[in-house]
Each structure stands twice: as structure tokens, then as C-alpha cells.
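*Asks:* In our numbering, the protein residues as written are 1013 to 1158.
The set of hints was computed from the structure by calculation and includes no laboratory data.
Given the structure is predicted, the values throughout are model-derived calculations rather than measurements.
Glycine included, each C-beta is placed from N, C-alpha and C at the ideal position.
Just so you know, not all the hints are guaranteed correct.
Capping the alpha-carbon separation at 25 angstroms, the derived lysine to any residue pairs in SDA-like fashion look like this [as the list claims (entries may be wrong)]:
no.: 1; residue 1: Lys1085; residue 2: Gly1127
no.: 2; residue 1: Lys1019; residue 2: Lys1093
no.: 3; residue 1: Lys1114; residue 2: Pro1100
no.: 4; residue 1: Lys1141; residue 2: Val1038
no.: 5; residue 1: Lys1093; residue 2: Thr1109
no.: 6; residue 1: Lys1141; residue 2: Asn1130
Pair by pair, the computed Cβ-Cβ distance ranges are [to be verified]:
no.: 7; residue 1: Ser1027; residue 2: Glu1069; range: 42 to 48 angstroms
no.: 8; residue 1: Lys1075; residue 2: Pro1122; range: 19 to 25 angstroms
no.: 9; residue 1: Val1104; residue 2: Ala1143; range: 47 to 53 angstroms
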Amino acid sequence: MTLYYKKLQDKRKESSTKGMWYGRAVHIETVDINDLADEMEQNCTVKRADILAVVSELVITMKRHLQASHSVKIDRLGTFKLGINTTPAESVEKFTTSENVKNIHVLFQPETKIGKNNTRSRALINGCKVAELPKSTTAGSNAPQQ
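Input sequences plus hints: build the corresponding full structure.
*Replies:* Structure (C-alpha cells):
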């Protein structure tokens, strides 16, 4: 499988990297839970309805644990936890949730395995190839065949 990118130029007026080029990942299709369940049903003996039921309950259970300040580790996938963005307060007494907590977000760390020779492989990333998106392909269309 290949992760595609396109080249973009930094055109921000005040940027220290103005005029320089960088790559940005391009996502050419969205796969939803129904698509995944259909594919998974073809690859194993579990029925689509059972897959959807388990994944639906996983989301509800993960939400409950994340909101209880737990991290959730899923073997061979990684660890999820909640993080917050805050603004500073002049003193510890002036720091309040309502004034200083600005955002709650989900953090994900892929599982990392350390193999022989201290080589590291990360779930979901290991083995991924990167290539420039062909000019004839646009977001929302099917990827070039490999």
C-alpha cells in the first residue's frame, strides 16, 4: 500500500520558510465502519452484524474509560488517551477549568515493537510506502492501482 502526498509551497507572508516546498499527505477516499465490516467479514468467519456490534460497543466502552482519565491500550494497535489544551493563569489559585481549559482532544500512539538489532516497528505504519500523488488523481477518486 502507498500513502500519497502532494507538494505545496509555503506562501505565508511572515513565514520563515516562505517560498519553500513541503509534502502533505493526501487522503483519496474515506472508508467507513460499514466498509470495514464488509471487508472483515470476507476475511474471517465472523458475520458483519457481529463486527458492527463489537465495534459499536468498543466505542462506547472506550469513551467511558477515556473520560474517566484512563488510557486505553488495544494490543497490536496502540494506546488512546485524552489530552487538554490550556491557557496560563497568573497564579495557581486563578487557574480554573472554565477559564483555562480550552480544548479536549484524543491522543493516539501506535503500538511499537522492538525487534532484533533494536529495530522498531509501529502498528499501522510499518511497511508503508510514500509516493507523490499522480497528477491525474484527485482527492475523492480511486487511487492508482498498485
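*Asks:* So if I understand the rule, the pair passes when the alpha-carbon distance is 25 angstroms or less; does Lys1019 with Lys1093 pass?
*Replies:* violated, 32 angstroms
*Asks:* For Ser1027 and Glu1069, compare the CB-CB distance with the range 42 to 48 angstroms and indicate the outcome.
*Replies:* holds, 46 angstroms
*Asks:* Given the hinted pair Lys1114 and Pro1100, is their Cα-Cα distance within 25 angstroms?
*Replies:* holds, 11 angstroms
*Asks:* Take the C-alpha atoms of Lys1141 and Asn1130, compute the straight-line distance between them, and say whether it is at most 25 angstroms.
*Replies:* It holds: about 21 angstroms lies between the C-alpha atoms, which stays within 25 angstroms.
*Asks:* Just to be careful, I want the Cα atoms of Lys1085 and Gly1127 compared with a cutoff of 25 angstroms; is the pair within it?
*Replies:* holds, 20 angstroms
*Asks:* Can the restraint linking Lys1093 and Thr1109 be considered satisfied, given a maximum Cα separation of 25 angstroms?
*Replies:* holds, 19 angstroms
*Asks:* Just to be sure I understand the hint, the distance between the Cβ atoms of Lys1075 and Pro1122 should be within 19 to 25 angstroms; is that true here?
*Replies:* Cβ of Lys1075 to Cβ of Pro1122: about 20 angstroms, so the range 19 to 25 angstroms holds.
*Asks:* Does Lys1141 pair with Val1038 here, judged by a C-alpha cut-off of 25 angstroms?
*Replies:* OK: Lys1141 and Val1038 at ~13 angstroms, within 25 angstroms.
*Asks:* With 47 to 53 angstroms as the target window, see if Val1104 and Ala1143 comply at their CB atoms.
*Replies:* At 51 angstroms between Cβs, range holds.
Going down the numbered hints, you'll see the structure goes against just number 2.
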